[in-house]
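Peer 1: So you can see what is in the structure, the chains are spelled out below.
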Amino acid sequence: MNGTWRLAGVGLILAAMLGVLGLRLWAIQVTETDEYTAVAERNLIRVVPTPAPRGDIFDRNGELLAGTETSLAAVVDMGLVEDDFAAELAQRLSAFVGDPEQTAGVILERFEKANSGAQIIIAKDLTEQQALTLIEHREDFPGVAVIPQPVRSYPLGDLAAQVLGYIGKPSKADLERPEVKGTDVVGKAGVERSYDGALRGTEGIIKYQVDANRSVLQSLGEQEAAPGDNLILTIDSGVQAQLQESLKAGLELSRDLEMAQRREALAQDSIPTRLFLAREAAQLEAERAQIKADAAVAAAAADPENDGLAAEAEEAVAAAEEAAGSVEIDEGDVLGSLYPGLPIDQNGVCVPIQRIDLDVGSATVLSGVKERMMKLHSVREDRSQRIALVEVDGERFEVEKGDRFATTLRVMAVDSDGIVVSHSDTWCPVRSVGVVENPKDGSIIAMASYPSFEPSAFVNGLTQAQWESLGTINAFTNFAIQGQYAPASTFKAISYVLALEEGIYPMDRPVDDRLVDEGNKPAGGETPPSGEDGGNGSTTTTTLAPDALKPLTSDTDLYNCTGSLRFEFNDGSSQVYRDWKRNGHGPLDLHGALQASCDLYFWEIALRIWNERSDENGINNEDLWQQWARSFGFGTETGIDLPFEKPGLIPDRQWFREEQRKETGRVRANGPWVGGDLMNAVVGQGTVLVTPLQLANGFSAMINGGTLWKPRVVQELVDQSGETVDENPKTVLATIDLSPGTSPALRRDMQMVVNGPIGTARKAFANFGPNVSTVGGKTGTAEIIKAVEDVQEVDTAWFVGIAPVLSPDYVVTVVVERGGSGGRVAAPVARQVLQYLVNGEDAVTPIVAGAEAD
Amino acid sequence: MAMTQERTQISLLRRDRQLRPDLFLIIPYLILTGLGLVMIYSASAPRLEALGVSPTREVEQQAAFVLIGIMAFGIVSLIDTRIVRWWVPITYIASIGTLVMVLSPLGTVVKGAQRWIQFGPVRFQPAEIAKLAVILALAALLSAAARPMKWHRVVQAVALVALPSALIFLQPDLGTMLTFGFIAGVMIFVAGATWRQMAALIVAGIVGTVGVFQAGAIKAYQITRLTAFLDETGDVLGAQYNQYQSQIAIGTGGLFGKGLFQGTQTNLRFVPEQSSDFIFTAVGEQLGFVGSLLVIVLFGIIIWRVLVAAANARDRFGQLVATGIAALLGFHVFVNIGMTVRVMPVTGLPLPFMSSGGTVFVAMSVALGLAHSVWMRRSPLPGEIQSEAP
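Here the protein sequences line up with chains A and B, keeping their order. Letter by letter, the first sequence follows residues 300 to 1153 of the numbering used here. Letter by letter, the second sequence follows residues 0 to 389 of the numbering used here.
Isolated chain A (complex conformation) (with noise of 0.2 Å):
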């Protein structure tokens, strides 16, 4: 038939059409076979990780601190959400739900933001009704699964939270370990980071075949998840209540004592006597934020891949425009309120404001304290003087550039061009902290900071507010191992121990070289400000007439303290020192001195120590006095089993040398490391800090003959069955030696701080009740010295108890942040765990302020 040729054609096409899939099926199934038997392979397994259970935290006793529970979570597994019914799905989980914050739109955008196969988890803590609910109308519910979730429990809430830690998402560091996963949780702080290799066990896996819908078929085999090891730690969970308590009844207490000094100081108008120079004191405070700024600014730029310095730098810079900033204000304006409370939050925490805004007018920021309110009522011209009439209450005061007012909230200060120049409010207690160490193998039986958090909220997640809310109070952060503190005296222990060992006693000063030294006001910054600032224009000192003098040769030699003293230097420098008992203690002996914390004592020491030792190039020791404080571990961070401890400071001149090169703002921009410094170092003053824990560990040392323990919270890691996996057994970091009698001697001191008549915390332990006499102890009032010399700043107080005096068990350390004196407020804290330690928890009295003591 004709046109054959073009069937012919048609049937070629077709054929290579044919040819075509046979070349391509030979691609397919014999060239690249392996290729596609891979892919398959991994398209039938599906494995799944099983998590494994986190370990417990129990304390020394066996009391469950942190524990595993089981809740429920409603989790959709997006590969089987089919797209079209995705919204529909959305909408009905959010009316599951009923979580106002959880509508169909949130849950859609997650939905969409998710991978296929990606989990989300829509509702945690489902009750038992919700999650029936779910299993038996699982087809309303495509894709949806209720899953057994675990969570993280601690049934004492709070005891113990910032040695225990909390648990969270993992940051962009913890991603880097291998073991870490981006939905894992891993421990943020305290023992639940720093042993969270071994608290989070190891992941099993369940192998699945699997369909395309990723429904299992079958299981194809099991590696369990080994489950973490529990921790014991050395922590006595009822001490540590106790200390809790404490701490807070102690925070308290300052407060109480502030908010009564200041309702008296109100009464008798007084007010002015805080005043002080702000423009200066601002000035000072911005030049110092300036130089951390650029401090941190240059470190981070010297380590630009470091997200953590930059946001420093950044921070660092906002805080210097701040303090840099002033804010104007105008007529009418509110500028604070002279009611003498303080502002407190909703946790019943005191908090310095740092920021208020001044146009607000009315008493937003003011709230709960319009008494006495200040409002800035006009300027007026005066002689090419512009000044302010203030209004209090209505009562008007005129103004004058560089006056100042003193405010709940800060301290205020306006200057007549109208412009307010502000200082937050250092009055304020801020924070209590507490350690109980035994001093017999370093084990820390009870460590708290107050304020404090409940771990729990992580669990579920902390809102914002909540975050912010404790974040500004820094209640997540472990001040017994990060907070520095200056430790004021306290510290003349070291010097104590130094004089026995060395043998190196004040000068004798004849009580006839007593000079009568009227108006001889000490100037500059380089003499410590007295504890007790009285109005006494006239004052006793004795002046060195250094022919004369032989120095004490032993412990037990008189030394006459008369209240203040002019020192000279061998570089022929004099300069007046006063005792923060104004009139002095009398005559006394080394041990006399450390139970009434004369100064002076310790201040002839240190002098001894500088005249004789001095020297820029090291040979002479000059640095006697800082070994013998290093050797007890201050400086250094002790090593406890605990993350982002701090290591304290011992000045020496080096150090000192080395800020000033640095501009740091932390010493005098000018002149050299000088024997001022040093006495101010021997009494726990100037640039000196320590920690809490470093304190008690460094007590520990001293009174038990001169072990170093390195302080430890955790005994033992045992597996589930209670057999021991690990210890963390008493370690030794250094032998100091002591003579025999040193310690000895120190602990019978401080019993006498306690119970002897010119003892310190006579006062805050007078309610003792029985077995007083094991107990000891040593008070400390460190001053912060602040920008401005002749404010009164409020004291840090310290107490280090010891009990039982004989062979002491504990090492009790407590301090309130701005608390105001050591014997006042910090003893009456300490007391109350040592009544619970030595009488038992029945024999703890409420909390009295103590004697106003160093």
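Just so you know, these hints were derived from the structure itself, not from any lab. Computed from a predicted structure; not experimentally measured. Backbone N, C-alpha and C define an ideal beta-carbon position, used for all residues, glycine too. Be aware that a few hints might be false.
As the list claims (entries may be wrong) - Here chain A is said to cover these stretches of chain B; the calculated rule only asks that three of the stretch's residues, wherever they fall, bring their Cβ under 8 Å from a Cβ of chain A:
(1) 147-153
(2) 280-288
(3) 301-308
(4) 320-327
What the hints assert, rightly or not - As a list, the in silico EDC-like pairs of lysine to aspartate or glutamate whose alpha-carbon atoms are at most 16 Å apart:
(5) A:K849 / A:D807
(6) A:K471 / A:D606
(7) B:K257 / A:D333
(8) B:K257 / A:D807
(9) A:K471 / A:D457
(10) A:K1029 / A:D1018
Given the coordinates of chain A, work out where chain B should sit on it, guided by the hints.
Peer 2: Just chain B, lined up with the frame of chain A:
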């Protein structure tokens, strides 16, 4: 073919012999059908078992259609295509009618497309029947075409195809539309179109396709589905999922396959639509390259036999019917298998004789029966006047 005196004198006794069936065509047809049933069973049994129903349910249904289809093949083989020709206007109009009906509320929407019509318990796809009707109508139109073909004839042919195409497009069913285009092209060519006319048709086809795309008449998902196979690195869980899984399944088959009923990919339902559009995947996975090639060769033999029937057809109508059927089968096989191995887009054209589905099996069997009928009557019977269309 010239009319000869000799032929008119052929003995009446030889008439039976001249109705000899083409076993080269029938045997591959039956093998493929049987293999199809086995594959449908292997692909559907695990799913049905999981649903808790009889694992043979789908294959039993299909077997019923297969019986109907084979019977239809036999019956149609015995009908002279010239008788069929009288019915062409009716089949064409009826087919257009069902295509309109499917778009009406009488049609049933399945997976986003309106392709079914329900008549009581019977549900059928008018598109499959329309393919046959179009082939017959084109054959009838073109068998009267002059050689070389006149332009108006080409236009008539295009118009004839365009009407059902437009209706199919509205369903939408791109695969069937393309099938119409291919069949029409092949038939117009065989009917004697000039090269110029063929070039014009191809250009018009391309322009028309582009125009449809440009006009936005094709929905986004269709474009995605059509172009997904070109994207090597694309979203294997989304648009490409079916083809990707299918390709994996076939790839794992290797040279000899995993063995019957050992196909993990198809059995575990990674491959969707496995017993209908993706039935070849089951072949590829279980029987390997050897089995796949066998299927292609069997299709090749069938198509060859149909083309041979066309070459030997007694009249132009029969020749063009057979040609259209060869084009129909070839296009379906190529697009369907090509889809499973990602050389063609997903268009939803079933694999003739193998994919599960009643309408398509019966329609394809009828088509093959028509071609077979052409073969069986390749020479005139005694007394018949061999006529050439004017």
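Peer 1: Give me the numbers of the hints this structure contradicts, sorted from smallest to largest.
Peer 2: Going through the list in order, the structure violates hints 1, 8, 9 and 10 and respects the others.
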